[in-house]
Each structure stands twice: as C-alpha cells, then as structure tokens.
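> The listed protein sequences correspond, in order, to chains W and Z. Note that the numbering used here has the first sequence beginning at 95, numbered continuously upward. Note that the numbering used here has the second sequence beginning at 203, numbered continuously upward.
Mixed in with the good hints there might be a few duds.
Calculated lysine-lysine pairs in the DSSO-like style (CA-CA distance at most 30 Å, straight line) [as the list claims (entries may be wrong)]:
| # | chain 1 | residue 1 | chain 2 | residue 2 |
| --- | --- | --- | --- | --- |
| 1 | W | Lys173 | Z | Lys470 |
| 2 | W | Lys308 | Z | Lys512 |
| 3 | W | Lys386 | W | Lys360 |
| 4 | Z | Lys512 | W | Lys160 |
| 5 | Z | Lys298 | Z | Lys470 |
| 6 | Z | Lys470 | Z | Lys535 |
| 7 | Z | Lys470 | Z | Lys512 |
| 8 | W | Lys173 | W | Lys386 |
| 9 | W | Lys429 | W | Lys173 |
| 10 | Z | Lys298 | W | Lys160 |
Derived by calculation from the structure, the hints in this document are not laboratory data.
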Amino acid sequence: MVAAMDILTAQALVRFGLGRRGAEPLPPDPAVWLLNQLRQPDPTRLDDPPTTAMGLTALREDRETKPPPGESRSAALFKAQGAAQLANAVTTPAPFRERLVWFWTNHFTVSRRQGQCAAVAAAFVEEAIRPHVTGRFSDMVLAVMRHPAMLLYLENAGSFGPDSPVGQRIHRGLNENLARECMELHTVSPRSGYTQADVTSFAKILTGWSIDLKADPPGFRYRPFAHEPGVQTLMGRQFPADEAGGVEALAFLADHPSTHRFLATKLVRHFVADDPPPDAVRAIEAVLRDTKGNLGAASAALVRLDAAWRPGAKLRTPMDYVVASVRVLDIPPDKIPMMGIVGGLGQPLWNAPAPNGWPDRAADWAAPEAMLRRIDWASGFAGRIGDRDVAEIADGTLGPLLRPETRDAIDRAGSRREGMTLLLASAEFQRR
Amino acid sequence: MNISRRTALLGLATSFSFGGTSLALASAPTDKRLVVIILRGALDGMAAVVPYGDAGLIGLRGEIVPAGPGQPDGVLDLGGFFGLHPALAGVHDMYKANEALVVHAVAGSYRVRSHFEAQDYLESGADHRMTSGWLNRAVMALPAVSAARPEGDALAVGVSVPLLLRGPARVANWAPHGFSQPAPGLYATIAALNRHDPVIGPAIAEGLRARGFSAAVMAGDTEPKAKYAFPALARSAGEMLAAADGPRIAALEITGWDTHTAQTNRLKGPLTQLDAGLVALKTALGPAWAQTAVLVMTEFGRTARVNGNKGTDHGTGTVAFVVGGAVAGGRVKTTWPGLGTGQLFENRDLAPTADLRAVAKGMLASHLGLDAGALGRVFPGSGGAGAMAGLIRT
Numbered sequence: 095m096v097a098a099m100d101i102l103t104a105q106a107l108v109r110f111g112l113g114r115r116g117a118e119p120l121p122p123d124p125a126v127w128l129l130n131q132l133r134q135p136d137p138t139r140l141d142d143p144p145t146t147a148m149g150l151t152a153l154r155e156d157r158e159t160k161p162p163p164g165e166s167r168s169a170a171l172f173k174a175q176g177a178a179q180l181a182n183a184v185t186t187p188a189p190f191r192e193r194l195v196w197f198w199t200n201h202f203t204v205s206r207r208q209g210q211c212a213a214v215a216a217a218f219v220e221e222a223i224r225p226h227v228t229g230r231f232s233d234m235v236l237a238v239m240r241h242p243a244m245l246l247y248l249e250n251a252g253s254f255g256p257d258s259p260v261g262q263r264i265h266r267g268l269n270e271n272l273a274r275e276c277m278e279l280h281t282v283s284p285r286s287g288y289t290q291a292d293v294t295s296f297a298k299i300l301t302g303w304s305i306d307l308k309a310d311p312p313g314f315r316y317r318p319f320a321h322e323p324g325v326q327t328l329m330g331r332q333f334p335a336d337e338a339g340g341v342e343a344l345a346f347l348a349d350h351p352s353t354h355r356f357l358a359t360k361l362v363r364h365f366v367a368d369d370p371p372p373d374a375v376r377a378i379e380a381v382l383r384d385t386k387g388n389l390g391a392a393s394a395a396l397v398r399l400d401a402a403w404r405p406g407a408k409l410r411t412p413m414d415y416v417v418a419s420v421r422v423l424d425i426p427p428d429k430i431p432m433m434g435i436v437g438g439l440g441q442p443l444w445n446a447p448a449p450n451g452w453p454d455r456a457a458d459w460a461a462p463e464a465m466l467r468r469i470d471w472a473s474g475f476a477g478r479i480g481d482r483d484v485a486e487i488a489d490g491t492l493g494p495l496l497r498p499e500t501r502d503a504i505d506r507a508g509s510r511r512e513g514m515t516l517l518l519a520s521a522e523f524q525r526r
Numbered sequence: 203m204n205i206s207r208r209t210a211l212l213g214l215a216t217s218f219s220f221g222g223t224s225l226a227l228a229s230a231p232t233d234k235r236l237v238v239i240i241l242r243g244a245l246d247g248m249a250a251v252v253p254y255g256d257a258g259l260i261g262l263r264g265e266i267v268p269a270g271p272g273q274p275d276g277v278l279d280l281g282g283f284f285g286l287h288p289a290l291a292g293v294h295d296m297y298k299a300n301e302a303l304v305v306h307a308v309a310g311s312y313r314v315r316s317h318f319e320a321q322d323y324l325e326s327g328a329d330h331r332m333t334s335g336w337l338n339r340a341v342m343a344l345p346a347v348s349a350a351r352p353e354g355d356a357l358a359v360g361v362s363v364p365l366l367l368r369g370p371a372r373v374a375n376w377a378p379h380g381f382s383q384p385a386p387g388l389y390a391t392i393a394a395l396n397r398h399d400p401v402i403g404p405a406i407a408e409g410l411r412a413r414g415f416s417a418a419v420m421a422g423d424t425e426p427k428a429k430y431a432f433p434a435l436a437r438s439a440g441e442m443l444a445a446a447d448g449p450r451i452a453a454l455e456i457t458g459w460d461t462h463t464a465q466t467n468r469l470k471g472p473l474t475q476l477d478a479g480l481v482a483l484k485t486a487l488g489p490a491w492a493q494t495a496v497l498v499m500t501e502f503g504r505t506a507r508v509n510g511n512k513g514t515d516h517g518t519g520t521v522a523f524v525v526g527g528a529v530a531g532g533r534v535k536t537t538w539p540g541l542g543t544g545q546l547f548e549n550r551d552l553a554p555t556a557d558l559r560a561v562a563k564g565m566l567a568s569h570l571g572l573d574a575g576a577l578g579r580v581f582p583g584s585g586g587a588g589a590m591a592g593l594i595r596t
C-alpha cells in the first residue's frame, strides 16, 4: 500500500530533490526536510575519495609513460570517479544539497574537452565545490580559481606576465582565457560593463597562479617569477602585485553587486522557471547582498519562494532524467552504466562543450531528436521494472503530479514494461 | 520509396505517398539549397586563409604561420596574396573550380569578445539576443516554399536545434541514434499523451516526422561509416537535401576552434573535419550541388598577434566561406585592412571591413530571391549593411 502524497511533498522531491528513490519514506514536512539538508553536514561518503594529489600524480605518470589513448591513468580515474559521483546522486539521503553541488559544478564548468583536467575533475567537485555550497560564494570562487582542474581547463598555468622575469626570458605573455571566463561566467557577467582593458588587467593579476606537477604532493603553486609586476586597475579598483592582489581581486568580484544579480538569476532559473520572475530574482539578490554572498542563506530563501512550488515549470536535463529514472526503479548504481547513458542522451559528465556549462532552459534540451532518444532509452530501461506494479510505482513517484490520462494509459498498457515506458516518457516525469 | 509502418501509423506519409509531388517540386524555383555551418569557438581567419603577402604577418605571429605556397606543408595559393591552410585541400579544389569564395576581414555588427554573447548575436542576426534565428526567419520569408510544404523546409543536423534555426518556421532535426526504439504503436500513444505539453508535445511530433523521413531516405544507405562525426553528419544532410521531397535549408555546427594554446596543432583536426564535411556534402548532393550555396561562419576572429602559449585570444575580423555549385567562386572578396602599425582594430585584431550580415543577405537575395523588405525582417536594424552583390552565379 502506497501512502498518499500531497502536492508540496511531490514538488519538493522533484524541484529541489532528484526524484523519489523507490519507496523511500516521505518527509513529514517538505520545507523543513529541505532546510534541514542545508543545516546538516553533507552526508556524502565516497569510497577512495578523489583528491588533487591523486589526479595530478596520474596525469604526471601519463605524461611520463605516454599510454595509448583510452588506457591512461587519467581516463581510468575519470571513469571511476565520475561513476561514483553519479552513484552518489542516486543514493544520497540529501538530494537538495546534492542538486546544489551539481548546480555549482556546472556554474564553474570544467570539461575534459580541454586542458587535460579529466583526472582532477572529481577532486574539483569534492575540494572546490562541495565544501562551499552552503558557505560563502567568495570562498568557493577562491577554491575554484586555485584548483588545478580550473587552472588546467582554462590554461592559466601557461599565462605569463609579459614583464615578469620568466616572461622576459622566454618571450611569452598572457593567456586571457581564465580571467575572461571568471568575469563573464563565474562572477560579475558582461552586464557589469567591464572592458577589454579590465580583462587584460585581471589576466595580469592572475599570472603566476599555476600548478606544480613535480612537487610532493603535486598541486596549486603560485610562481612569483611568472607574475606581472606592478599595481593593476580592475573595474576602477587598484590591486597590488603578487598572490595577495589576486585573492583581493577575487573577493572584490565575488561580492560585487553585479555578481549577486547574476547568481540570483541563475539560481532562480534553476529552481523556479526558465524565464526567471524578476521579483524572485530580486528576493534572492537581496539575500546575497545582505549576507555577503552566503549560499546557504540564498538556498534557504529559494525554498521560501512561493514561485518555486509551482509544478512542472522545469524540464529535466538528460542527467536529471537518468538519475530520476534510476531512483524511481531503485536500481543499484553499480548495476547500470550511467556514464554512458548520460553521454548518449547528450549530456556527458564533466564534458560540456564550452566554459558556460550545460544550458538550463527547456528549449535547449527539447530538440526533437533529443526527445526521441530519451524515450528510446526509457523504453529499454523500463524493462528493469521486473514484476513490480507499475501503477504503484507511478503513484509513488509522482503522487498528485500524475495526470489522470497518463494513469489511465499506464493501466491500459499491454505490459509492465510498456506501462513503465509511458510513465518515463510522460510530460509529468520529464518535468520537475 | 518505402513507407515504414511507423510513418503510416502516425500520418507522416504525406511527403512520400505521392511520387508525382517530387517531380513538380523539382522544377519549382524552391529547388535551391542553402546550408549554414557554424564554427563555434571563433575560427582564426588568418590561420584558415593566410595573408602571406602582407609584410606585417611574420612580425605579429611568425611562430604560427605555415610555410608559403609550393613548400612542404605550405599554404594552398589563392592567387598570390592569400593562401588556404593545407588542411583545406577540398576547399582549394572547389576554389579552383570556381565553387568556393572567401570573404576576408569580415565580422558581425557586434564588438563583444564573449563566445556566448557573440554566438547568440551571430545566430540572431542582430546585436542582441532574439528568440528566433535569422535562418528560421528566412524560411518564413519564402512564401512559395511554405505553401508547398506546410510541414516546414528546414533541417537541423545534430541532436539539438541551434538558435540560428529556432523560431516560428517548423524545423526538423535529425541525428544518427544509438538506442533501441519502442514499438511504433507505443510511440503513437506517447505522442498523444504528450500533445498537451507545449514543449515536449511538438518536439516528439517533429522528431517522429523527421525519423519517418530520414528512415526512408537512409533505407538505401550502405556506405561505410565515416571516420569523423562531422563529415558523416554532412553526408547525411546532403542526402536529405538531395531528396526531391527533402528539406531545402540545413544548419550544421562544428566546434574546436577556440585555440588559446598550441594553435598550429589544434587547428589541424577541426579544419580537416570541416574540409572533409564540405566534400562529403558535395558528393551526397550529387546534381543538386549545382543548386546549392553553403555559408561557413564563426562568431569572431582571433588576435592578430600570437599569445604567450603559441595560441591566439578572442578577436574581431575573420573569414567566411561561401561554397557550392551555385556560388560565383574562385575569388577572395575583401577590402584588406592591412596588418601594419595603426591598421589593427584596437591595436589587437584584424580590422573588419565587411559585415557578415551583408554576406548572408547577399546569399538570401541572389540565391533564394528574398526582396529588400524580407531581408529587413530577417536582419532587423541592418540597413547599414546592404546585401553583398556577386556571391551567387547568375
């Protein structure tokens, strides 16, 4: 017998969470359940937790031994650690908190398409993102910008101050990539009105932020001889030379009013609607401003937005869709190759095409062929229902979100598998 | 042509059930094909089409300039001043056959160096992001076409539809798939159950329609799979465009151009794929190649100077390619701005002397017959960029 689910509980499970897992107990009060996840420590316990040292050691050995493509230690780490992250999304008892980890990971995209950062991608999540999702944004930015995954991905290790001792000796100069994307995509955004001169200044400020692969353990290293000497002006402010100037500049950018607006817009787009309602954005922006970028407070404010409790406003991305599907049938994560599936559906893990990460609007994921692929996959996966009762599963996972027409079609389906395909292919299940 | 059980079940057979329709359409003025290829990530125009005759080139980027024409791995000469990157041998053959034209020192109307904003503007055809793309609006401006084929005439090749092709005109979308599929009857139920959803409903209906179409076209497809994804997609696009009752407009995209480091090595792969894709498109189109014009465009160029990592950073002026059997090719069309002191844009980038919207408008006007009013709707606010003449054979 399935306990009846009310609409707020159903909505909390899909909008803020990752979908109900099997017949897991329903929270007595959905808002309290969500807020408690923000207050309590992250329950994630990965076997053999990924670390930067582990990843960079693998990268160093790959560079020394040059294994054939696909057989590198980096590729093996990426595969195992990626699968572990997806498994954690399936099994976590704190799915709202986990959604925030995925949200911020996408905000600060690193992608194996560039910069040989595959071996440290999971370490990036565990070291730079996860510890900060309810902390201060400025702490997260600093952790991200010092992390070897980001330094590799956006190539800052090869950016040299043109007037630095190293730059002068080897005649190499700036690489603006990290500085530009940090301003455009991570912090103030183009709406703040910065200029090319600001990007160039910030690139100079970040020179020397590099990686030492030979150290024991290998990791971040500030290289003063690659750093551009002198005071730099960034968006009207002056910042001193050396590493401290970079730390100051990042704190300035992280807590800039334009950053608050930009982050609020993205959060509201993810938790409310593709077109963020302006009053909801203003509410979250005010919390970020008043708390100096406290992400736990901003996340709690999202829960308190009435607009976030309107059902069905968001389309699940392929990653969301696959995790929710595996959760609904309660398949043990080691019994399903999720890495390959999310890739086949168009959202390969830590593999976004560009530094702006995966899009967060229905139009970007609802292309005709993409939609059909999702249904093609679902029809195969639905076979894993076995001899379970599909109507019970449908009611148990969606409760009052399930339309009577879909429920009828499931009841009339020719087989359990067909009924399960109809559930997974329904608009109610594809939305969150 | 086979009508699959699925197309019959879903009422998708209109294009296939009357063989005579295709013959009538074959002689219609709408038999022109237009293909747009987006190079996402900003192609370095001076690496693809090297101005080796400019004395300023070596001083700016000697480390990444390929050898001159006639030397091993040297550029392929385009008439004494410009040379094509050696990976573009197929394009060079088309150039020699007067089927490829280069527009150099071209840029959109915007002056941002953000990939993402610039791609939005490139595809919107405006200096702000719009909800529809210029190619979709161009389809809407073809009255004869939309009356003859109410199901729409455009095709996006790949898993998603780019902004360039989004908008009111219906667009099919095709990509090779790798999963098993549910039975046709179940698909019909799924389509019906989702009809109420404004996003998912139309997507499923369009997807099934496109699959019905492509399944019929691909039924005779026995050629071996290509080594790279892009040439394979380009070949599929060409096969569908070649079909008498197929779409007439297609958009493809290819990434890999954002060469901040080690540009010389990193450009070879994407340029090779682009070249092989254009050749595959031509082969697959067969006789329809004579009716075809292809625009290859990118969001902006890259810095004129090499950076600290033997790469280039985000810039402004770049190249566009116009290729196809309908193109008045064999020329580099440019007002060359020069690379000397004071000639670079912001002392940094190749200065733009042509507007990419003028190139697109020139193609839409001469190739598809859009008049000035229609061009104004397709590219709002582009009055200053008149349609470029002489791109298409007349």
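> Could you run down the list of hints and mark each one as holding or not?
Going through the hints against the structure:
1. Lys173(W) / Lys470(Z): holds (28 Å)
2. Lys308(W) / Lys512(Z): holds (24 Å)
3. Lys386(W) / Lys360(W): Roughly 17 Å separates the two Cα atoms, so the pair holds.
4. Lys512(Z) / Lys160(W): Given pair lysine 512(Z), lysine 160(W) holds - Cα atoms ~23 Å apart, limit 30 Å.
5. Lys298(Z) / Lys470(Z): holds (22 Å)
6. Lys470(Z) / Lys535(Z): holds (24 Å)
7. Lys470(Z) / Lys512(Z): Holds, at roughly 14 Å.
8. Lys173(W) / Lys386(W): violated (37 Å)
9. Lys429(W) / Lys173(W): holds (15 Å)
10. Lys298(Z) / Lys160(W): Not satisfied, since the Cα-Cα distance of roughly 42 Å exceeds 30 Å.
Against the hints set out earlier in the document, violations occur for numbers 8 and 10.
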